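Q: Numbering (the UniProt record's numbering), first residue to last: 1 to 464.
Quick caveat, the hints were computed from the structure, so don't treat them as lab data. These numbers come from a predicted model, not from an experiment. Don't take each hint at face value.
To be verified - Simulated restraints on C-beta separations:
no., residue 1, residue 2, range
1, Ala30, Asp219, 23 to 31 Å
2, Ala167, Gly134, 20 to 28 Å
3, Lys362, Asp5, 29 to 37 Å
4, Ala173, Gly114, 22 to 30 Å
5, Phe137, Glu406, 44 to 52 Å
6, Ala28, Ala154, 27 to 35 Å
7, Asp5, Arg327, 47 to 55 Å
8, Glu55, Ala28, 20 to 28 Å
9, Leu463, Ala167, 49 to 57 Å
10, Asp5, Ala167, 32 to 40 Å
11, Ala456, Asp431, 34 to 42 Å
Think of the CB as a built atom: it goes at the ideal place given N, C-alpha and C, for glycine as much as any other residue.
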Amino acid sequence: MLDYDLSARGDSALYDFLYQRIRDDIMAGAIAAGQRLPSKRALAQHLGVSVVTVEGAYAQLTAEGYVRSRPRSGYFACELPAGEGMPVPTSAPVVACEAVDDGADLTSSVSFSGDAARLWARALRQTLSSEPEGEVFAPAPAQGSMRLRRAIAAYLRQSRGLAVDPARIVVGAGAQMLDVMISQLVGIGREFAVEDPGYVRLTRIYEACGQRVRHVPLDRQGVRVDALGDADVLHVMPSHQFPTGRVTTIGRRYELLGWASAREGRWLVEDDYDCEFRMSGRPVPALLSADVAGNVIYTNTFSKSLGSALRLAYMVLPEELMERYVRELGFYSSTVSSVQQVTLARILEGGEYERHVARVRKRCRDMRDALANALRSRGDAERVRIEEADAGLHAVLAIEGVRDAEVLAERAVDLGIPGVAFVPLERYVWDAGNAPADGRARFVVPYDALDAAAVARFADLSLC
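When you get a sec, could you build the whole thing from the sequences and use the hints?
A: Given below as structure tokens:
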């Protein structure tokens with residue numbers, strides 16, 4: 001039986017403290033690979049906590065790939081890659097937290113009740129009326145204003161448990177601009193690996209920058225390391241892959257870090273684009289949190305949470321690339337106005353951003369639950385499965401017996417379901433051989449593209 005002193009939890013929630021202790025024991029080998037964990041009820045009775053507490057801890061361990069669940073058998077510790085430089089992750093307090101022609105847009109952003117617009121308008125008025133003109137209207141430094149970079153670093157520490165030096169943060173006008181800059185930093189003529197299915201526009205961006213692009217398939221654990229070949233850079237979304245929604249397991253994360261550190265000049269671009277919107281449990285730790293070799297370029301954007309019209313993203317560069325940025329790209333002028341940067345800094349500093357994210361997360365969760373209820377009400381409900389519904393701002397519907405996914409998508413539009421709310425996953429496949437091969441048709445369903453009327457129509461959509 002597992003024994004833990006729960007009185008040492010401090011300010012941590014019980015389920016979170018229990019998750020951390022079990023995770024640490026698995027990482028240290030105290031719980032062996034393949035070892036069966038106590039049943040939820042037995043462990044709850046032994047520790048004197050509720051079954052709900054143990055369920056929460058086990059659910060987080062399962063989501064991150066530390067344990068696996070076997071139906072009617074229980075929970076078992078997963079085998080993790082052996083090797084040096086793979087420390088037990090440290091935890092900081094975490095707050096639970098443009099039209100295109102290639103399917104639903106990854107940069108599509110929340111639009112519930114105009115909350116984001118009102119938040120931005122209010123903060124902008126306060127910026128213009130109370131901030132010094134010299135700060136608001138002066139040109140921003142190339143990396144972005146230090147005030148904003150400090151606010152981003154503080155937010156990353158609170159929300160993602162990351163200790164980031166503001167001096168290594170670079171602010172830019174949207175994720176695509178940062179992708180171009182990363183391409184320049186690592187050098188032209190390199191091979192970039194991207195996930196397939198994945199964000200199709202990434203291929204176009206990197207090829208336009210003079211890079212070769214390799215499309216790498218996924219399995220249930222994440223992007224396949226054995227298919228990376230001679231790639232120099234891997235662009236990966238480990239916390240919530242688009243479009244499949246998969247969460248990269250802890251074992252696969254360490255394989256990726258090992259791959260990157262095995263040869264000089266390899267880099268991992270961690271795209272953490274909607275990490276704040278995990279529906280249950282604590283956010284999955286960032287790949288950067290386990291990077292001891294300095295191979296991870298961490299990127300994120302505020303477009304998902306504050307609106308795609310706000311072209312503001314940032315990246316955290318490893319020390320080597322930060323020095324190269326200063327030396328070779330420091331001539332760039334900031335691509336984001338000082339007014340925008342000061343306004344966003346105010347939103348982050350005052351805690352308004354966290355409250356906004358919490359509201360959006362709740363509305364997405366409500367929409368997710370309504371969608372699940374609509375699908376359960378169908379006479380053929382057994383044909384439809386919601387995949388990765390808890391991970392972020394979109395889910396995937398896997399439907400059996402669909403002859404033509406595009407025809408079904410057209411039928412959904414005719415019924416009144418917005419086209420961007422029911423997108424065939426096959427539109428995001430570059431190499432047909434990398435498409436899911438289990439016979440189910442899959443559709444990407446962004447929660448922010450739905451309203452109550454559209455959700456109700458899923459109950460009536462003919463799947464024939």
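Q: Hint by hint, say whether it matches the structure.
A: Hint check results:
no.	hint	result
1	Ala30 / Asp219: 23 to 31 Å	holds, 28 Å
2	Ala167 / Gly134: 20 to 28 Å	holds, 22 Å
3	Lys362 / Asp5: 29 to 37 Å	holds, 34 Å
4	Ala173 / Gly114: 22 to 30 Å	holds, 23 Å
5	Phe137 / Glu406: 44 to 52 Å	holds, 50 Å
6	Ala28 / Ala154: 27 to 35 Å	holds, 31 Å
7	Asp5 / Arg327: 47 to 55 Å	holds, 50 Å
8	Glu55 / Ala28: 20 to 28 Å	holds, 24 Å
9	Leu463 / Ala167: 49 to 57 Å	holds, 54 Å
10	Asp5 / Ala167: 32 to 40 Å	holds, 39 Å
11	Ala456 / Asp431: 34 to 42 Å	holds, 37 Å
In terms of the numbered hints stated before, the structure departs from none.
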